[in-house]
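Asker: Take a look at the letters that make up each chain.
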Amino acid sequence: MDLTVEEALTNAHNLAALGATQTGKTSFTRELHATTPRTVSIWLNERGDHRVPDVEGVVARDLEDVQEAFANDAPRIEYLPADRREAIKNLQEFLWQVSDATNRELELQVVVDEVDRVAEQSGKAFGNLPSRDAVRIMTSEGVKRNVKFVGITQHPQQYDKESLRNSRYRAVWPMSAEAQDSVSKYGFNWGRIHDVERYRGVLHHMSGDVIGTVKAEEQYA
Amino acid sequence: MSDEKPSPSEAMRSLEVSDSPTSGTEADAADGAVDEATESHQAAEGVDATPSITSTKGFKQAILRTSPSRPLHEVESPWDPDRGGITRIYRGLQKMLDFEGTPAIVDLVVGAAEWAHRFEPEGGEDDEQQEATDEEAVLEDVLGEEAGV
Chain F
-15 MDLTVEEALT NAHNLAALGA TQTGKTSFTR ELHATTPRTV SIWLNERGDH
35 RVPDVEGVVA RDLEDVQEAF ANDAPRIEYL PADRREAIKN LQEFLWQVSD
85 ATNRELELQV VVDEVDRVAE QSGKAFGNLP SRDAVRIMTS EGVKRNVKFV
135 GITQHPQQYD KESLRNSRYR AVWPMSAEAQ DSVSKYGFNW GRIHDVERYR
185 GVLHHMSGDV IGTVKAEEQY A
Chain H
2 MSDEKPSPSE AMRSLEVSDS PTSGTEADAA DGAVDEATES HQAAEGVDAT
52 PSITSTKGFK QAILRTSPSR PLHEVESPWD PDRGGITRIY RGLQKMLDFE
102 GTPAIVDLVV GAAEWAHRFE PEGGEDDEQQ EATDEEAVLE DVLGEEAGV
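In order, the protein sequence lines correspond to chains F and H.
Here the numbering used here is used: position 197 in the first sequence is 181, and no number is missing along the way.
Heads up, the numbering used here is the position in the second sequence plus 1, with the first residue counted as 1.
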């Protein structure tokens, strides 16, 4: 495959980071958020005990703060809303307006850790689960609007399958047996995933081909 | 596509924010409201997106709901005794403890107590009226005695 790891991590196509806890996926994604050449990266974090620490960027507690950060050309934003489910819907709508206003030339990135908590697998029809619908919209239409969606989860079996399928790139770390079973049809190279050094993940294309490996620098671990 | 990439601030300048998604405060005020697209989906599916307040889950959500939240800019001046005071203290606690507002159930209980307090008989006035009546009676007695002397 001609595609390089750098190209995959910086273009507008979506990325899913899958793996058990403490395997290195969040550290890698934290580095991606901090170092991406994309103009703006927004990390949708959780308040309280589940907050991912050391996320780079100005802190925004509501959409007004996010808009203010945009007005101040803040390249990195840590979005800490009271309710992530409500916030992701409003964020998606706002970013679509931004995309239209800039003729889709502004490079944006949205990172959501524990994405299965806002876009869980559910039988509810479209329109009945707004937060999941927002993620579906971002993963299906975002690439055309220059919005890269990065979803992180240690429970791929609980993550909305349509949103996961819409992720062109999948960075995979070792995971539990049931989680591995839930993504058994994605063509991941499990042999390589288990052979690489600790905290290193294997980056796959949606075709199942391996693009390369990824690992966070020490400062982001 | 131009070589020069647009900036976020340029996007905000050209964006008509008036039609943008609402802030947290306004979004909280609109809690429970559903846009037309979702309504049509719901109508088609015959399913309610939010639990009814008559259900256990819906009732629990309702009494613990903290929206609509009071705007943090309610007291703008750094020194405003007329509007500050308890409001500013409350805002400070919100920031320290990272909570958006008191649950609805607290508003209901405190509000009911405040409302009941308004209708309590004001014993002070009755006592004052009685005291005035007694004073008048004493005065009349004194004047009557003097007149009779």
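Calculated from the structure, these hints are not laboratory results.
Careful: at least some of the hints might be erroneous.
[To be verified] DSS-like mimics (lysine-lysine), calculated; alpha carbons at most 27 Å apart, straight line:
1. H:K6 / F:K108
2. F:K128 / F:K145
3. F:K108 / F:K145
4. F:K145 / F:K199
5. F:K108 / F:K169
6. F:K169 / F:K145
7. F:K199 / F:K169
8. F:K108 / H:K58
9. H:K6 / F:K128
Asker: Failing hints, ascending?
Answerer: 1
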